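In the order they appear, the protein sequences are chains A and B.
Per this note's numbering, numbering of the first sequence is gapless, rising by one per residue and ending at 827.
Per this note's numbering, numbering of the second sequence is gapless, rising by one per residue and ending at 422.
Simulated from the structure, these hints should not be mistaken for laboratory data.
Since this is a predicted model, take the numbers as computed values, not measurements.
Keep in mind that a hint or two might mislead.
[Stated by the list, open to error] Listed below are the simulated DSSO-like cross-link pairs for lysine-lysine, each with C-alpha atoms no more than 27 Å apart in a straight line:
| hint | chain 1 | residue 1 | chain 2 | residue 2 |
| --- | --- | --- | --- | --- |
| 1 | B | Lys258 | B | Lys175 |
| 2 | B | Lys146 | B | Lys175 |
| 3 | A | Lys418 | A | Lys797 |
| 4 | A | Lys797 | A | Lys556 |
| 5 | B | Lys258 | A | Lys793 |
| 6 | B | Lys228 | A | Lys799 |
| 7 | B | Lys362 | A | Lys797 |
| 8 | A | Lys799 | A | Lys788 |
| 9 | B | Lys258 | B | Lys298 |
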Amino acid sequence: MAVKPSQTQGRVAYINARLMDPASGLDVKGALLTDGEMIADFGTQLFADGLPEGIATVDCQGFCLAPGLVDMRAQLREPGDENKGTLASDGRSATAGGVTSLVCLPNTQPVIDDMSVVEFVARRARLLGLAKVYPYGAVTKGLEGRELAEMGMLAEAGALAFTDAIKAVADAQVMRRALSYAATFGLMIIEHPEEPSLAAGGDMNAGETATRLGLTGIPRQAEVIIVERDIHLAELTGARIHFAHVSTAQALDAVRRAKTRGLAVTCDTAPPYFALNEIEVGDYRTFAKLSPPLRAEDDREAVIEALKDGTIDTIASDHTPQDEDAKRLPFAQAAFGGVGLETLLAVTLELYHNAHLSLAETLRLITQAPADLLGLPAGRLEKAAAADLILFDPARGWKVDADKLLSKSKNSPFDGRPVQGRVVRTVVDGRTVFQLED
Amino acid sequence: MSDTASDVLDFPHRHLLGIEGLSPDEITLLLDRSESYVEQNRQADKKKSILRGRTIFNLFFEASTRTRTSFELAGKRLGGDVINMSVATSAIKKGETLIDTAMTLNAMHPDVLVVRHPNSGAVNLLAEKVNCSVINGGDGAHEHPTQALLDALTIHRRKGRLAGLLVAICGDILHSRVARSNIHLLNTMGARVRAVAPKTLVPSSAERLGVEVFDDMNAGLADCDIVMMLRLQSERMQGNFFPSIREYFHFFGLDYEKLGNAKEDALIMHPGPMNRGVEIDSEVADDYGRSAIREQVEMGVAVRMACLEILTRTVSETEPRNL
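If we strip away everything but chain A, and leave its shape as in the complex, we get (with noise of 0.2 Å):
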């Protein structure tokens, strides 16, 4: 089913909003209006007066108004892989979960290690006009993990930073090249930290669970191992580094002593890591196979801390689409991760039920934390910035259920978790692009 871009609008009110804003700390009651593609207005204040003739509005009820979700780690399947997902399918999926932009991983098919590829998905995204997709580029050719790609060249064509996608860069000589000259062009390279040596063939995090099922362990050491050799070596290069999915206590007390030193050093997890753990492969169940691997409990724990006092950046989907014949295998053989685009906010919000973070805080990690660290233009509400907005109520609880999931690949981590958080409408420069069926 293809999805056509509707008109853009010409001007369209949004009362009785919530107008939120982490960016600013903006937390009020308000309205907000749109203007073609741009936002025009919003405040307390606006329409105080009463709404102009002949405008579009929409009612908010009372539901939080604040920037489109911005979500730095998501795997897209097209090209090469569109039995497993498309870009039409996973756009629909992310409007679903209020993400109005997102950053795909070079892992397609072909690779993109190439301007072409670069260019190929920003377009069949643009002529989709669902989420914003914007690329990361290989750090190697063919993710090979031996000759640097054109990192210079593919950053010019729009690549926003540089990443072997799922895999680490294995040879520690080859990245501290990459990061030299990566940091050449002040471009960031973004690491899978997974020591491949110690994860071959593993199944699941090692430990007890791991032992009583005849799985075999990936030690938590595998990912503490890479964090500290890339700390060292954006050091020597003084390179700027990022760490994507970070899982353990270990790992993240290396990123936070790094960044106490003021090394250029970030990272982000994604929601399995703060709200599952390794007991959810229970009996075998291959939609909690991740990677990294669902950890121990006070690893999760961890990473909440982590959360909270900024040693994590943000928060990414890490949506992985694996499709059925990918995951109804025994164990060992069935495929890593889960789809996390429509479960992104719900799962992180619970932080904010919880008691961890307030709800602003919890919303910066998905919008303006995000697009900072990444440099686009999104993530915050402002006077002529682009209309990517979603409307959300807080409160509601909803069932997840993988089978109504808009994405084409169904194996969600979160299948049956009761959450709380549910997006109404979803807006990209100033369309309405989703819309909750109640």
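Got chain A sorted already, so can you dock chain B onto it with the hints?
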């Protein structure tokens, strides 16, 4: 020994996927039934007709001689029809998935599937998709329940009890489903279990399974009633777990010298097939006064007869077959 009808009511499971989770009463029930078949198997006329009309598939995705033969013999001695499906001729080689294979076999109305698979949890997955009973014939490094039962039967016949015995399980614990099933069974029945191995062959948090871990074999064998050796599973080893066979045997192979630490009447066991001169010295293995290795094989048939009998009765009496 109680009669068959009341035995069946006491075993509430449709499948036998593992030992973990079975109660002491359920294990005792299976062992008691097994015991009754030991004598029968020593008679000239070994055949019964309990399973007449029942179909048993031996579905082996991994090479096996003794377990498969043992199940085949057990099924035939009870009068059932036994079909052996080996991986070399199956559709799996043509790319069919495990679940598709399960659905295909299910359509042929088997009564029991005996399944061995190289991946942990694969037998559980298959059991979810079929209408018949499933017996785990060994899955990855997870469980091998009939092996633990036959080991327990062997021990019980020699020692008269399980509770209170000190059992050392020695060798490649990491890759061993036999070790896991035995640990669960022996703990459930009140024995004390030690795991003796180099640290590279002990899974992480092994002590959480209820074993005392030893990396010195002399200390580990001290005062043991049972010395259970495991086969070194070289086919599952990726990378270096020890430097050489010579060094492994020197520190962890069972010879008379190390055995001297155990009780004088300690029983030596091995699930087979043995690697002579690797984990066990030939002299020790062939010491029929102390080694129960041949007896284990004999008990295997009896245990599998009991499992087949009990599970087929459970299915026919409690589960409407909606095929």
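Evaluated hints:
1. B/Lys258 <-> B/Lys175: Not satisfied, since the Cα-Cα distance of roughly 30 Å exceeds 27 Å.
2. B/Lys146 <-> B/Lys175: holds (8 Å)
3. A/Lys418 <-> A/Lys797: violated (37 Å)
4. A/Lys797 <-> A/Lys556: The hint holds at about 24 Å.
5. B/Lys258 <-> A/Lys793: Violated: B/Lys258 and A/Lys793 sit about 58 Å apart, past 27 Å.
6. B/Lys228 <-> A/Lys799: Holds: B/Lys228 and A/Lys799 sit about 20 Å apart, inside 27 Å.
7. B/Lys362 <-> A/Lys797: It is violated: about 63 Å lies between the C-alpha atoms, which goes past 27 Å.
8. A/Lys799 <-> A/Lys788: holds (14 Å)
9. B/Lys258 <-> B/Lys298: violated (31 Å)
The structure fails to meet hints 1, 3, 5, 7 and 9 from the earlier list, while all remaining hints are met.
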